[in-house]
Amino acid sequence: MSEFKPRVKERRVDTKMVPLPSDVIVPERDVSETPVLECRHLGIDFGGLRAVQDFNLTVGHTEIAGLIGPNGAGKTTVFNLLTKVYQPTRGIIMLDGNDTAGMSVPKVNQAGIARTFQNIRLFSRLSVEDNVRIGLHNQIKCSMFDGILRTPRYFKSEKEMHERSLALLDVFDMADQANEVSGSLPYGAQRRLEIVRALATNPKLLLLDEPAAGMNPSETSDLMDNILKIRDKFQIAVMLIEHDMDLVMGICEGIAVLNYGKIIAKGTPEEIQNNPEVIEAYLGKQVEKPARTQADEAAEAVAPADGQGEE
Amino acid sequence: MAKMTANETTAGKRGRHKMSRTLRSNLITFAIVIGFFVLMEILIATRVLTYSLRGQLVPICAYACMAISLNLVVGISGELSLGHAGFMSIGAFTGAILSVALANAISNEVVLLLVCMVIGGMMAGIFGFLIGIPVMRLHGDYLAIVTLAFGEIIKNILNNLYVGLDASGLHFSVVGTEQLGMSNGKVLLSGPKGAVSVNQISSFVIGILLVCVCLIIALNLIHSRSGRAIMAVRDNRIAAEACGINSTKYRMMAFVVSAVLAGMAGALYGLNYSSFIPSKFDFNNSIMILVFVVLGGIGSIRGGIIAAAVLTVLPEALRFLSTYRMLIYSIVLIAAMLITNTPQARNVLRNIRLRLKGSRGQRLATDVVSAHVADATNEANAEEDGADE
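Residue numbers (this note's numbering), protein chains in the order written: chain A, 1 to 311; chain B, 1001 to 1389.
These are calculated hints, taken from the structure and not from any lab test. Quick caveat: nothing in here was measured; it's all calculated off a predicted structure. The beta carbon of each residue, even a glycine, is placed where N, CA and C say it ideally should be. There's no promise every hint is true.
Subject to a maximum C-alpha distance of 30 Å in a straight line, what follows is the list of computed DSS-like cross-link-like pairs (lysine-lysine) [as the list claims (entries may be wrong)]:
{"no.": "1", "chain 1": "A", "residue 1": "K107", "chain 2": "A", "residue 2": "K204"}
{"no.": "2", "chain 1": "A", "residue 1": "K107", "chain 2": "A", "residue 2": "K156"}
{"no.": "3", "chain 1": "B", "residue 1": "K1249", "chain 2": "A", "residue 2": "K141"}
{"no.": "4", "chain 1": "A", "residue 1": "K229", "chain 2": "A", "residue 2": "K204"}
{"no.": "5", "chain 1": "A", "residue 1": "K233", "chain 2": "A", "residue 2": "K262"}
{"no.": "6", "chain 1": "A", "residue 1": "K229", "chain 2": "A", "residue 2": "K141"}
{"no.": "7", "chain 1": "B", "residue 1": "K1249", "chain 2": "A", "residue 2": "K156"}
{"no.": "8", "chain 1": "A", "residue 1": "K233", "chain 2": "A", "residue 2": "K204"}
{"no.": "9", "chain 1": "A", "residue 1": "K141", "chain 2": "A", "residue 2": "K204"}
{"no.": "10", "chain 1": "A", "residue 1": "K266", "chain 2": "A", "residue 2": "K156"}
{"no.": "11", "chain 1": "B", "residue 1": "K1249", "chain 2": "A", "residue 2": "K204"}
{"no.": "12", "chain 1": "A", "residue 1": "K204", "chain 2": "A", "residue 2": "K159"}
{"no.": "13", "chain 1": "A", "residue 1": "K159", "chain 2": "B", "residue 2": "K1249"}
{"no.": "14", "chain 1": "A", "residue 1": "K107", "chain 2": "B", "residue 2": "K1249"}
Each pair of labels, with its calculated beta carbon distance range [unchecked claim]:
{"no.": "15", "chain 1": "B", "residue 1": "M1288", "chain 2": "A", "residue 2": "P186", "range": "15 to 25 Å"}
{"no.": "16", "chain 1": "B", "residue 1": "Y1329", "chain 2": "A", "residue 2": "G183", "range": "30 to 40 Å"}
{"no.": "17", "chain 1": "B", "residue 1": "V1110", "chain 2": "A", "residue 2": "S104", "range": "45 to 55 Å"}
{"no.": "18", "chain 1": "A", "residue 1": "T34", "chain 2": "B", "residue 2": "V1213", "range": "23 to 33 Å"}
{"no.": "19", "chain 1": "A", "residue 1": "P152", "chain 2": "B", "residue 2": "E1178", "range": "31 to 41 Å"}
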């Protein structure tokens, strides 16, 4: 289990997870609040392929939840279901106690789910500040006619947008890059900007799709601080997909493990680290290992040249 | 920009700096339009301008508006529309009918022209909305093909439309002038012969005014919440929707505003002639407008206006070459596209730009606007080239 030992400092304050009657766990501080997200029997089929099935998950009001699993397990598909990029074939998604059935992608964002993307999707030709302003689109309103006729409301809304976008950028120390073209930012900054833009839509639940992909350990460490900072400052829930186990085990309070579209384990980081099914999903079956190794060794000892030829 | 980052770290300063930059760019655009107007007025007063070139002034204004209009769709919304001449013809024919029908009610020519342009624009906007409903379900090439088809449909409907005016009001028919059922009326639209008796009320002054209005609408739209939403959908539709932006709504907004501007430009264009035919606004015309936008730099409002002006005048100016006129015209087009896209030529243009910037830096900011009006065309082309990178 050396893969799961954090190389960077662990930041998780030991949150006590409490089980609820309906077979879910949430952080103790969120027990009295409505869970921000409740998925029940969620599933989607692509033709004959059951990409996700019987997905049950509850995310507490201010929980940092992790969704992990091997490549192709269906993690991003779950995010696409939650944000209604795909309409689920089965099951329901409750956001803060309200059913999201039939909502479109923009509507579900207005209802309170914001996301980032695995492959960065910024408005690359626009400035950093304009990217955040687009995130503020539904927070500060001003009609097309106000814009064309430059009414006082236009100037008021633009001023407010400017102030709020700079305040948001400041959380990630990016205020001094506000006028740069977003496509020309370094990779890490583009990832941060995507998070700022998602935060600008004033979400209740922030979905981060592999936020640490391509980051070095020190950047990942900063990212962990930032995710905790976001949670504390905005009092929102964060759900993240990540392959970097240092990050997942370091900050997530509840973790769900997905394999072949099904949840194979849910629990605290400790429980997940010691769950035999999870270890099997990631590393293969332990019991078969010695047997296979012996057979291989025997085969190699008998005919090493043949073995190489076969490969 | 890099230097600015180092020197000015406070957020407020940087915000103001950005505002002034877009403001300056917009002011230069307006200065070019006003400068062109003043220059032409001087040339008319001194009788330098030939009669045929004088006749091109209103079309230049109309096509400059068309370039602004199409730039909203192609450059800002990122969709290829090949039927923009259709919206222009709706404006032109609406204007042609109204210019006669309302001539008694409104005696002042300027007011009549403005009314014709506004209603022409509104009609084009309504058609833009109706066409937009099916078109906005499509993207890319498919959208282009469908807009092309709608352009042709509009042309063919107008080719079969007969409108007459008598004491009892307007009469419509799709069969012929005899079927209009008028006693002693005036035929306004006569099918393939087009608008046959137009009240020629367009003027260069109103044309320049319309260019300015179109500029204000387009530039204000781009730098507003709605404009940013349109550009967000252009840059990344999935991300824009994930930010809570209704992509269909904002693509439709760009399309309809563009149609309104095209309709107004069409009314101005049509009312410049005593008669015009529907075939004038065919596919070739749509492509020509697209050439203005592409040549001026997609998304560059200023470049589009300049390209429209140059390419509208060029066939007239090359008339002395008679047979070789269209040959030279196409060579100029190809050369312009090659020059703006080869690295060597871009370097030359960038050097020119830097030299102009260097000499400009010593002057006061207010001088910038009024300077270089005479050679505005060259300078703006060079500057636009750099700004678009």
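Hints, one by one, checked against the model:
| no. | hint | verdict |
| --- | --- | --- |
| 1 | A/K107 <-> A/K204 | 14 Å, holds |
| 2 | A/K107 <-> A/K156 | 26 Å, holds |
| 3 | B/K1249 <-> A/K141 | 15 Å, holds |
| 4 | A/K229 <-> A/K204 | 15 Å, holds |
| 5 | A/K233 <-> A/K262 | 33 Å, violated |
| 6 | A/K229 <-> A/K141 | 28 Å, holds |
| 7 | B/K1249 <-> A/K156 | 24 Å, holds |
| 8 | A/K233 <-> A/K204 | 12 Å, holds |
| 9 | A/K141 <-> A/K204 | 20 Å, holds |
| 10 | A/K266 <-> A/K156 | 48 Å, violated |
| 11 | B/K1249 <-> A/K204 | 25 Å, holds |
| 12 | A/K204 <-> A/K159 | 25 Å, holds |
| 13 | A/K159 <-> B/K1249 | 25 Å, holds |
| 14 | A/K107 <-> B/K1249 | 13 Å, holds |
| 15 | B/M1288 <-> A/P186: 15 to 25 Å | 43 Å, violated |
| 16 | B/Y1329 <-> A/G183: 30 to 40 Å | 37 Å, holds |
| 17 | B/V1110 <-> A/S104: 45 to 55 Å | 47 Å, holds |
| 18 | A/T34 <-> B/V1213: 23 to 33 Å | 52 Å, violated |
| 19 | A/P152 <-> B/E1178: 31 to 41 Å | 58 Å, violated |
Checked against the numbered hints listed earlier, the structure breaks hints 5, 10, 15, 18 and 19; every other hint is satisfied.
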